[in-house]
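J.: Line order of the protein sequences matches chains A and B. In terms of this note's numbering, the first sequence has 261 at position 261, counting the first letter as 1, and numbering is strictly consecutive. In terms of this note's numbering, the second sequence has 390 at position 37, counting the first letter as 1, and numbering is strictly consecutive.
Read the hints as simulated data drawn from the structure, not as lab findings. Incorrect hints may appear among the rest.
[Claimed, not checked] In silico SDA-like links for lysine to any residue, alpha-carbon gap of 25 Å or less:
id, chain 1, residue 1, chain 2, residue 2
1, A, 204, B, 411
2, A, 202, B, 516
3, A, 270, A, 231
4, A, 204, B, 512
5, A, 200, B, 411
Residue-level listing of the chains:
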Amino acid sequence: MTKVLMRGNEAIGAAAIEAGCKYFFGYPITPQSELPEYMARELPKIGGIFLQAESEIAAINMVYGASGAGARVMTSSSSPGISLKQEGISYIAGAELPCLIVNIMRGGPGLGSIQPSQTDYFQATRGGGNGDYRVVVLAPSNIQELVDLVIEGFDIADQYRNPVMILGDGMIGQMMEPVEFKKPKPRDLPKKDWATTGTKGKRKPNIINSLYLEAEELEEHNKKLQAKYQAIKENEVKVESYNIENADVVIAAYGTTARIAKTAISQLEKEGYKVGLIRPITLWPYPYDEFEKINDKCKGILTVEMNTGQMVDDVKIAVKGKYPVHFYGRTGGMVPTPGEIVEKVKEIYGGEI
Amino acid sequence: MTVVFKKTKGLTDVQTHYCPGCTHGIVHRLVAEALEELGVLDETIGVAPVGCSVLAYNYFNCDMHEAAHGRAPAVATGIKRVRPENFVFTYQGDGDLASIGTAEIVHAAHRGEKISTIFINNAIYGMTGGQMAPTTLVGQKATTAPYGRDEKHCGKPIRIAEMLATIDGAKFVERVTVTSPAHVRKAKKAIKECFQVQLEGKGFGIVEVLSTCPTNWGLTPIEALKWLEDNMIPYYPLGNFKRPEEVE
Chain A
1 MTKVLMRGNE
11 AIGAAAIEAG
21 CKYFFGYPIT
31 PQSELPEYMA
41 RELPKIGGIF
51 LQAESEIAAI
61 NMVYGASGAG
71 ARVMTSSSSP
81 GISLKQEGIS
91 YIAGAELPCL
101 IVNIMRGGPG
111 LGSIQPSQTD
121 YFQATRGGGN
131 GDYRVVVLAP
141 SNIQELVDLV
151 IEGFDIADQY
161 RNPVMILGDG
171 MIGQMMEPVE
181 FKKPKPRDLP
191 KKDWATTGTK
201 GKRKPNIINS
211 LYLEAEELEE
221 HNKKLQAKYQ
231 AIKENEVKVE
241 SYNIENADVV
251 IAAYGTTARI
261 AKTAISQLEK
271 EGYKVGLIRP
281 ITLWPYPYDE
291 FEKINDKCKG
301 ILTVEMNTGQ
311 MVDDVKIAVK
321 GKYPVHFYGR
331 TGGMVPTPGE
341 IVEKVKEIYG
351 GEI
Chain B
354 MTVVFKKTKG
364 LTDVQTHYCP
374 GCTHGIVHRL
384 VAEALEELGV
394 LDETIGVAPV
404 GCSVLAYNYF
414 NCDMHEAAHG
424 RAPAVATGIK
434 RVRPENFVFT
444 YQGDGDLASI
454 GTAEIVHAAH
464 RGEKISTIFI
474 NNAIYGMTGG
484 QMAPTTLVGQ
494 KATTAPYGRD
504 EKHCGKPIRI
514 AEMLATIDGA
524 KFVERVTVTS
534 PAHVRKAKKA
544 IKECFQVQLE
554 GKGFGIVEVL
564 STCPTNWGLT
574 PIEALKWLED
584 NMIPYYPLGN
594 FKRPEEVE
């Protein structure tokens, strides 16, 4: 298959259609609006539905209804819009429905900025709606990976009946790279016999619900959800790592900052430094085990993010106090440069921090 | 032996949790009978709200989808867009539809979503224990309006049927009540006509049903019916506000 040059936001739309998604409900917000615009253009051509909702809240609830009715469905937004969607995401997770949610992050808190950021890490990986639920969070660092993860994301959602989030940022959404569309590894996807399709007089009514008024019943439901999350943790962790067996310093970064870290690492290698990289591709489930492979003589871990240090908690959990964990981050839409990361690594090398 | 009456297939055998004298039970039956009589029960997907009728999904004998507070019209939109061949209705109370979910109902109507809404207006929040609703009458006491609703403080009660009737996409809008057998018959007719509008693909339809809340009004069931007739109907006039010309 030939490669096509695509902007990130549009590549998400193309990948979703490739994955069989025919329904998109959303609301415009910068810097992701090219995605709903793409869907508004392309979905009618294939007999699908694009609907611009009156709000992000309505959009996610349309997704909730459409998913309950058995469709492959998605929505997209950017940080403040994702905050509004949290109510619906909690309901979708509680009712165990599959869907794809795209968050092309911008700066916060509040209205923040329209520049790229990674400030929604906590919200994405810890939940932002109420209740003990988890969303599978996929963090691509280039457009090809973005396409691959969107396509696989729909399958993961269907397999586990759980929302899947693509967590990108304004940089990933706006940059252009060549991509090709590949089928994901086939999965054994369950039949959607739970969907509300009308009984046709052939079965008992299906009920899509997350209300359990009896304490025992809700506890059972939560135990069932936790068992599912455990299975996801065991089967779905994705991580890229580089040279962590020999590195004196290991950088932990995801998405856009991981790309920049790679440039920093090649600069450092030219100067004779041994620097590794752990790039979580799934932010939940988090690749804690990968950090076990770091060599014992490592001087420290440098977490790099476009926020004030949200992933640091997970890195600390992963290294179990074995190595010092340092942080370098920029916020407000500032993107760290390779030079800034190089300098920080050298400080760790020199024992300055 | 001739069967003169039997229970509708549209309801399950589950006993409802509604308080004595509450008219949710009557309205449930009317909706269920309409679904059965129109022959759409097996094709129906209902959307249950938050509030007193939160457990409606246990009572209607069709596929049901529970929604977050006020979001039933958005959920129904998602369902109907995926399954245009199915019959989709929402069942919502006044806190749900007239307060937290006004955006969702206005825009579903505005888009002309081919869904039907049954809107129960009892002028109070029932499930949460008698707090003020947007529909609470001026002077009416509620736990969060202990001195009676003061219009200078929080405005007059909102008239949903009249408001939605101004929206082009709303093709059927009627307000009914169920305080007497005659009213029950009129309500049933309105519900069937409203459903027919969806079945004919004409657009959005809503039936507002003035309902009682003896528990939170602090009245007996009989007193509650009379209070509704004496106080609610003058402010919320019964009648049809809109129907497609074709069905007139």
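J.: Against this structure, judge whether each hint is valid.
T.: Now the hints, each set against the structure:
no.	hint	in the structure
1	A/204 / B/411	holds (12 Å)
2	A/202 / B/516	violated (40 Å)
3	A/270 / A/231	violated (42 Å)
4	A/204 / B/512	violated (38 Å)
5	A/200 / B/411	holds (18 Å)
Going down the numbered hints, you'll see the structure goes against 2, 3 and 4, while the others check out.
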